[in-house]
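Letter by letter, the chains look like this.
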Amino acid sequence: MTKIPEVWIFAEHQQNQIEPTVLQLISKAQAIAPTFKVVAVLLEAPDQQLEQTLAAYGPDQILAVKQSQLEQVADVEQAMILQQLVQARQPNSFLFGATALGRSLAPRLQAKLQTGLTADCLDLYFEDELLVQVKPSYGDNIMCEITCPERRPQMATVRPNTFAAVPVEADQVCQEIEVLTDLTWPKVAHFDILNEQVIPTPPASLAQADRIVALGRGAADPASVATARQLTAALNAQLGVTRPLTDDPQFAVSNQIGQSGQTVAPELLFCCGISGAVQFLTGITQAQTVVAINSDAQAAIFGVADYGFVGDAKAFMTALNHALLAKNA
Amino acid sequence: MVELTAAQLMLHQMVQEFSANEVRPHDMAIDRERSFGSDLYRKLVDTGFLGLMLPEQYGGAGFDAVATAQTIYDLAVGNASVAVTLEGHYKTLDQLLKYGQPSLLDRYLPSATQRIFAFSMTEPSGGSDHSTLGSTAVRQGDHWVLNGNKIMITNGGLAEVYCVLVKTAPTEFSVFLVDQDMPGFKFGKQENFLGLTGTPIGEIFMENVVVPADHLLGKVGQGHEIGDNAHADARVLMGAVAAGIIEHELELAVDYAHQRKSGGQRLTDLQAIQRKIADIALAKETTALLYEEAARHKAKGQPYAEIAAMAKTHGSRQAVRAGDDTLQIYAGYGYSLDYPIEHLIRDARALEIAEGTVEKMRAEITQLEVAQRI
Amino acid sequence: MKIVVCLKQVPETNQVKLDPVTHNLIRQGLAGRINPFDRHAVQAALDLKAQVGGEVIVLSMGPNDNEYCLREGLAMGADRAILLSARAFAGSDTLATGYTLSQAIRKIGAVDLAFFGRQAVDADTGQVGPIVAEFLGWPQLTLASQLTWTDQGLQGVRRLGALAQTLAVPLPAVVTATRELNDPGYLQPRQIKAGFQQPILTWNEVDLEADPARLGVAGSPTVVRKILAPQTKTVPTQYLNPDPQAAVAELLTALQAKNLL
Ligand SMILES: Cc1cc2nc3c(=O)[nH]c(=O)nc-3n(C[C@H](O)[C@H](O)[C@H](O)COP(=O)(O)OP(=O)(O)OC[C@H]3O[C@@H](n4cnc5c(N)ncnc54)[C@H](O)[C@@H]3O)c2cc1C
Ligand SMILES: Cc1cc2nc3c(=O)[nH]c(=O)nc-3n(C[C@H](O)[C@H](O)[C@H](O)COP(=O)(O)OP(=O)(O)OC[C@H]3O[C@@H](n4cnc5c(N)ncnc54)[C@H](O)[C@@H]3O)c2cc1C
Ligand SMILES: Cc1cc2nc3c(=O)[nH]c(=O)nc-3n(C[C@H](O)[C@H](O)[C@H](O)COP(=O)(O)OP(=O)(O)OC[C@H]3O[C@@H](n4cnc5c(N)ncnc54)[C@H](O)[C@@H]3O)c2cc1C
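Residue numbers (UniProt numbering), protein chains in the order written: chain A, 1 to 329; chain B, 1 to 374; chain C, 1 to 261.
Hint data in this document are derived by calculation from the structure and do not stem from the laboratory.
Note that the structure is predicted; figures quoted are calculated from it, not measured.
For glycine and all other residues, C-beta sits at the position ideal for the given N, C-alpha and C.
Pulled from the structure, derived: some chain C residues nowhere near chain B, Cβ distances all over 12 Å:
id : residue
1  : M1
2  : K17
3  : D19
4  : Q43
5  : G54
6  : D112
7  : W203
8  : E205
9  : V224
10 : A229
11 : L260
Calculated lysine-lysine pairs in the DSSO-like style (CA-CA distance at most 27 Å, straight line):
id : chain 1 : residue 1 : chain 2 : residue 2
12 : C       : K107      : A       : K112
13 : B       : K300      : C       : K193
14 : B       : K167      : B       : K98
15 : C       : K193      : B       : K98
16 : C       : K258      : A       : K37
17 : C       : K49       : B       : K43
18 : C       : K258      : A       : K327
19 : B       : K43       : C       : K193
20 : C       : K107      : A       : K187
21 : A       : K187      : C       : K2
Construct the entire structure; sequences and hints are all you get.
Okay, here's the thing in structure tokens:
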């Protein structure tokens, strides 16, 4: 009987937390390769228990290397360990998050294995055992499909937050956890970590913010502004306004979005009580997901919205605050 | 666009990037504050813009007329005042290189990578007509003594070295180099101009300024020729400024007409708007062709005065007109001081006056056509 | 110190279009330029040279017009330039590119440091630096955002998300440069002129003593199968329940599925 092809996922972690992309990749691999064996490959220190997090997303197997040398480890060493595992078990494909570490480690491993690697994929699917990798190029201006027809494993790094991570039902939680404790690898030149520091990302300026709650004249009363400020705190978002609100001394032009204000490019933008004048809209063309809240169903802002709520802005923000509080509690 | 050599292309890419990152973001502030500020000026100097067309032997980069005009264009797309400051400097260096005596050039040109030079002809009594000039130079032994008042000098106040057109006899004109450090040299007031407000434009006074004999450019009596030559050099670059302004207008017009909708249609779908945008694009292309052709002639050593006059005559009017069309596309917003269009029109308007009025240029073009044909 | 900086020439703009019929990239008329990250790599090399002395060599693989990016490296202040150009190199993916560059670095000999950009802005992989490091058996400092030369040797900082690692790297090593590493400023017009007056050495596969099976198309495991225009998303607005509580619940589910919360 031929062996069931395996899809491996490198279980990157940092500060004792699994990198979210790993969980997204487990869910994606299950969806595109239901008949393959999905294996999460984890390198951790003996006192770590990260396989628990992985198991909840239902990979078919977790392959954990638990050794004290893994407390602090260079990319080169991780590549050597993975090389041994791959050569022993011959997976069909090996996926990494396109994170700083993934993009550093995967090509190093690729060169050891002399196989192909596709960078920063936005989609993946199988044609039989051939992995078709869809990646953007030229700054996302074109997409290409890349394959690695001859050599194995087929390797890819995948852009974070491209797929949803879906925890599985209790009865599908991964049971097959294989732990290796006695791997050895040769000593090679590698960097030494002198110091590691978690640097809290400074509050982004409006132009750089990933999340923005923007207020217009339909949400300019003090109660709405106060509700919006709670919302920005809960979402770790920045507050933006339309031009008319800059007459209010609590807002400056640096808070204003639009042609004569800031151009913004958040992943998530709430537009509360904003009509959608062209001078405002030119400032938000780069926003990825737009939620519009306006009492007028005909307002132009709905023309650019992904999600629309026709109704009172303050009521919506209040409900959202409650829901977020409940969720975080 | 003109064929550029690989080195010229690399220069062009650098200047485009400089213009987009360091100049354009300040475009409206430069107009409003009536200055492009010491930071940007420092960056221009430090990046080596002042020595761009100066031969390598004086510490410059030795780029030719084509690359120089392209540079002025690229900067003007960012902001015309910045481009005009360099235009005034380059045209002055051109006259020194052509007419200056070697001893003078060796003393002065190495500093031209660090400080601005200016060329001044205009006086309160007139700009188009030099016969009324009141400034004089009188020979005393192996020196000359200069007196007079010059106005509306591009970079006047910022420039440290001036070439001045003066009378050496009642109907004899000559050009001398004077330095701001010379006793008797004084700055006057800054002009309160409508446009190009970021370019310093000012006045100087000379009271018994004594200069050595080698400060005379060319020969005694060659002043008119040098003045005309300075105009021709300046006009190549003013054509490039005009084309740069039109490119900025075109960018604004297309951008807005594409976004703005009326009656469910984009403005770009309306015939009346299409006519304006097509005209602006045509204006940009014709102006660019003219200044590039003038620059190419100059680089090859062929006559270029007439085509340079055409580039400025055509380009200056087109830049005003294209600005007017752009304003109309933006309508109410175009008329707003919050948008850059109004200052582009004010900037463009200067090009119909500076470096010879369009009337004067038409007269010159006519004379040259007559001379060639009759 | 002998420092090599690898330069890739990329199209001047990323606004490339697809031919609607052939689905080929329309690239004519696009001037090339140096990969923007590679400027930071050159600047880092020059800064290090200014501190410890030595030589900076710029290296590029590609057709003859890649000379242009090498001239830019020279204009920035590199001491000499080597172009790797041969039919045999055409069609290289990152593995073959990495192999070819590593052979050139071997041939240059006694190299202490090889700098790369963090990624090329066209193909966007960022793989070549680590691959070269592997083929040379050198340690790698990827995504360097700071670099200092101390009594103990080379130290650098890289960011892994919120984590900043300070690393000591033994030489010889590979470093990939980010924008944060330094500010290369603008080329001086005079330096541009000077850059065009220097000679450029060209090497082919024979000079590199390369294994032909590892070069170009033959040495490239990946195949670009198809090139597509990205789908422009014109998703219609999804209207939420008119009741605020129900609307919020609906929205949170949708945003979570998109990893936006
Ligand atoms: C030269 C110029 C430059 C400009 N630049 C900018 C700029 O950079 N940025 C900018 O934003 N504007 C700019 N403007 C102004 C722009 O034209 C609009 O006037 C402005 O964007 C409108 O702001 P708004 O949407 O907050 O207000 P309005 O247009 O008054 O819209 C308010 C909206 O709130 C809705 N509403 C009312 N009550 C409620 C409620 N209880 N709950 C929910 N919705 C409610 C209404 O239905 C309406 O749609 C500029 C204008 C000019 C002339
Ligand atoms: C932005 C700017 C920068 C300048 N920079 C400089 C500089 O660096 N150095 C410098 O010396 N000057 C400079 N000038 C001055 C400029 O050269 C003069 O303004 C110009 O030559 C016209 O002179 P004028 O203003 O005295 O007008 P006049 O010469 O008095 O002309 C008045 C009117 O009569 C017309 N006219 C006059 N004579 C004739 C003729 N023969 N044929 C047809 N029409 C005629 C003119 O076209 C104009 O319409 C600058 C001006 C501006 C606006
Ligand atoms: C649309 C498209 C998509 C592609 N996708 C993939 C893919 O997913 N996987 C794959 O293996 N190949 C891929 N390729 C092939 C890849 O672009 C080439 O192998 C290229 O030569 C190197 O890869 P890169 O551009 O990604 O460089 P990167 O690895 O992103 O470049 C990093 C650094 O390496 C150095 N460098 C890169 N190329 C050169 C060079 N030619 N000369 C000198 N230094 C250089 C530079 O310092 C550069 O900053 C793709 C090509 C195209 C056109």
